[in-house]
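Asker: Spelled out, the chains give:
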Amino acid sequence: MTLRLNAPRRWRLRRHGSGGKGAGRRSAGLAMLLGAATLSLGTLAGTAATASASSMSSGMGWVRCAHLSPNTAPVDIYMYSFGDPMAMDVLRHVPYGEVGMYMKMPTGQYSVAIRPAGAPASTTPVISANFMVRAGQAYTVAAMGPAGGLRLQALNDRLTTPHGTSMVRVIQASLKEHHVTVRTGSETLASNLAFASVTPYGADKPGRWMVHAAGDSATWSGKVKLTAGSIHTLVVLDSSSGLKVADLLDAAGSGMMPHGGVATGLGGTAPGRAPSPLPLLAGLAGGLLVAASAAIRLRRSRAVARHAR
Amino acid sequence: MRAAPPAPAASAEPGRHARHSPPWRQVARRPLTAAVLLGGVLTMAIAVAGLLVLTGRPGHPPGTASATPDGLMPLGTPAPLPKLATRTAPLPVALQIPAIGVRTRLTRLGLTRQGTLQVPSSPSVAGWYTGSPRPGEIGSSIIAGHIDSYRSPGVFYRLRELRPGNQIYVRQADGRYAVFRVTAVHQYPKAHFPAAAVYGPVPDAELHLITCGGTYDYATHNYLSNIVVDSTEVR
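Residue numbers (the numbering used here), protein chains in the order written: chain E, 1 to 309; chain U, 1001 to 1235.
The set of hints was computed from the structure by calculation and includes no laboratory data.
Do not take every clue at face value.
[Claimed, not checked] The calculated label-pair distances, taken between Cβ atoms and stated as ranges, are:
| # | chain 1 | residue 1 | chain 2 | residue 2 | range |
| --- | --- | --- | --- | --- | --- |
| 1 | E | R208 | U | V1234 | 30 to 38 Å |
| 2 | U | L1224 | E | M86 | 40 to 48 Å |
| 3 | E | G118 | U | V1234 | 28 to 36 Å |
We put the beta carbon where it would ideally sit given N, CA and C, even for glycine.
Assemble the whole structure, with the sequences as input and the hints as a guide.
Answerer: If you want it as structure tokens, here you go:
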């Protein structure tokens, strides 16, 4: 029983050098992409509640790509940046069921295009779409639906959990079973979820749970470990024997969030309050005064002694 | 026959003596005044010594009092292997930051009864918060260390000197290293510590290093700010 998808692939936007045949090809491809009908993407309404605060200030977001169309052959996934036309990258030969790793990307608008695996970059993509990356937010850009009705969907991935809980959602990407119900323990995560649809995230108790997925004819059971502060996506997939469920870890943080700051200093090197030099300066002045007056007295007594002779 | 003239010399002697009598004779004549003079000079000497100690107080500038200078860092020790962010990583056992000469084993930290992050019992050792993901796993991992002890610099004394691009090595129980690259260095007032940003979920493998900084409040014996270093795993 496997709970993991194929090994996550590295995919990072690279800046290509300017000039040369390749650059021309790319800009041609981009122009074509821009001309292509922009497909409706999944809801991108960025809710502040799902943003990671740590990346808000740095102007970065996260994107991962997924091939979740059961009867679509492996594809090449291209990504172009609107803000930086020379930046482009390709994830090659992505088979059904594969989900890439998150990549950190500058905020802005991007275009994603899908071509059959191995097709030249100059060819018209099977499908393309634009989507926006907002600061501190994470997205799963997935090819969904049947081969005949392939669509690109940009899912907004959650990056917060209520205190002490885990968040879970379900993507139904099994074509063999058109409707699937998914349960963990006594919780129902998805009830009769239709092919190519996605549930919202729901809070779940941390722990090790049995996951049961049931369609009309096939079922699947396996274990999933939910830790507090972690966010998961369960993907229902076709397998050779019927169904299987892949457990994706969307994000993780501290299960128990410490309160406030951290007391990691005892002050031994603190510059703030050096002991005041005033008493010492007063001592210096006082000593000077006493010594001077004593010296004068001594000189005077010498003078008196001289006169006395 | 002229007598040898010892007499005038002898008679001149006392007069010269009277005009140029050595100080010790004056001292003998006026012991009290002399004692007061000595006392005054001693007071001045003590005051000057105190002022010298004050101005020579250790601690600043930061770079000079480093416990482990960069040059002493044995190079080539960290042997990072390219790794992907994973669901499970081995336990972290040691931390190395060549740019600021940090080289420490890692203790385990939990939460205090008040719910704040525990700190290492030794100021010269850093610790990993066991409630956070292990370094190299997906998520936001937390390592804390002291800026100083009551007397001297602590393990994270130079943390504020880190700059984006500096590398951080975490040795894991299997002897391999998780490698991180600094992306930002923040100073947050403890009164407004952004817990969600530091401890909250993230979708990639990140590491936050935490120590104290800013103004030291002598009334409460506390630094008023925290220094937080953000870093992302290098793949």
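Asker: Now look at each hint and say whether the structure bears it out.
Answerer: Here is how each hint holds up against the structure:
1. R208(E) x V1234(U): 30 to 38 Å: 32 Å, holds
2. L1224(U) x M86(E): 40 to 48 Å: 46 Å, holds
3. G118(E) x V1234(U): 28 to 36 Å: Holds, at about 31 Å.
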